[in-house]
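S.K.: Residue numbers (mature numbering (1 follows the signal peptide of the UniProt record, and there is no 0)): -23 to -1, 1 to 160.
Read the hints as simulated data drawn from the structure, not as lab findings. Ideal Cβ positions, reconstructed from N, Cα and C, are used throughout, including at glycine. One or more hints might be untrue.
[Unchecked claim] Computed list of lysine-lysine pairs in DSSO-like fashion (alpha-carbon distance at most 27 Å, straight line): (1) Lys123 <-> Lys112; (2) Lys23 <-> Lys70; (3) Lys128 <-> Lys112; (4) Lys67 <-> Lys23; (5) Lys48 <-> Lys70.
[Stated by the list, open to error] Restraint-style ranges between C-beta atoms, simulated for each label pair: (6) Ser118 <-> Lys48: 35 to 45 Å; (7) Thr144 <-> Glu63: 42 to 52 Å; (8) Gly64 <-> Lys112: 12 to 22 Å; (9) Tyr29 <-> Arg130: 18 to 28 Å; (10) Thr144 <-> Arg8: 31 to 41 Å; (11) Lys123 <-> Thr4: 40 to 50 Å; (12) Asp13 <-> Lys128: 41 to 51 Å; (13) Gln116 <-> Met52: 14 to 24 Å.
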Amino acid sequence: MCRIMQSVFFLLVICASVCEFQGDELTISTRLNNCDVLFSWYNPRKTYRYYYLTINNQRGNWIPDTEYTVKNALMNDSINITVRPEGSSKDYKLTYNVSTFESKIGDNVTLSWSVPFFIKTGGYNIYHMRNNMNKSIVQFSNNFPKLNQSKYRYLSRPYNSTCIRSTVKACYKGAGPNLIRKC
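Working from the sequences, and respecting the hints, build out all of it.
M.R.: In C-alpha cells form, the structure reads like this:
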C-alpha cells in the first residue's frame, strides 16, 4: 500500500511539474503593418505585469505591454527580439527576417521600402528594365507620386510617408535611389 501511495505521489509531482513548465511558455507572433513589424506575445495560462525586451542585441526596458512595434522594419535584414517575463529566468527569442519579394514575369508586385525621412528636393524612383534599358515609371517627389495609373498604383498614405509602397506590373523592377531587382 505504501508503494502505491509513493507511486501516486510521484506521478502527481511529475504532472504538476509538466503543467507548471507548460504554463510558463510564451508564444511570440509577428505582423507586418506597412513598414513596421508588430511583435506580440501571449501565454494563455499565465499573465505577467512586465516584460523585458532586447531588440537586435540592444538592451531594452521593462514594459507593461504584450506587444512592441519596430518602426521602419524594412531598413533591417532581420530583427531579433528577446522577451523575458517578469520573475522568469527564461528568454523567449524570435528572429523576424524582413522579406524581399519574389515574382514571375507578368505578376503584380508590391514594392516597399523605408526611408528615414521624405526628402524635400529630388525624390525616389521605380524603374522598368527591358533589353538593358531602364525607364523611370514611378517618381515620388514634392510629396506626390507621378505614374501611369493603368499599370502602377501608389499605396502609401499620406503621400509623403517614409514607408513607400507601390504596386507594379512589369518584368523587371527597381526601387529606391540605387536598388534594382530582377523578377
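S.K.: Under the criterion that the straight-line Cα-Cα distance not exceed 27 Å, is the pair Lys48, Lys70 satisfied?
M.R.: holds (19 Å)
S.K.: Would the hint linking Lys23 and Lys70 be met if the CA-CA limit is 27 Å?
M.R.: holds (18 Å)
S.K.: Are Thr144 and Arg8 spaced within 31 to 41 Å by their CB atoms?
M.R.: violated (20 Å)
S.K.: Using the C-beta atoms of Lys123 and Thr4, is the stated range 40 to 50 Å upheld?
M.R.: holds (45 Å)
S.K.: Given the range 41 to 51 Å, decide if the beta-carbon distance of Asp13 to Lys128 lies inside it.
M.R.: Given a distance of about 28 Å, which is not inside 41 to 51 Å, the answer is violated.
S.K.: Range hint 12 to 22 Å: satisfied by the CB atoms of Gly64 and Lys112?
M.R.: violated (60 Å)
S.K.: Given the proposed pairing of Lys67 with Lys23, does the C-alpha separation stay at or below 27 Å?
M.R.: Holds: Lys67 and Lys23 sit about 14 Å apart, inside 27 Å.
S.K.: Hint says 42 to 52 Å; check whether the CB-CB distance for Thr144 and Glu63 agrees.
M.R.: Between Thr144 and Glu63, where Cβ atoms are some 44 Å apart, the hint holds.
S.K.: Does 35 to 45 Å hold as the CB distance between Ser118 and Lys48, or does it fail?
M.R.: violated (24 Å)
S.K.: Does the beta carbon distance between Tyr29 and Arg130 stay inside 18 to 28 Å, or does it fall outside?
M.R.: violated (42 Å)
S.K.: Go ahead and decide if the range 14 to 24 Å is satisfied by the Cβ distance of Gln116 to Met52.
M.R.: holds (22 Å)
S.K.: Holds or violated: are the alpha carbons of Lys123 and Lys112 at most 27 Å from each other?
M.R.: holds (13 Å)
The earlier numbered hints that this structure contradicts are 6, 8, 9, 10 and 12.
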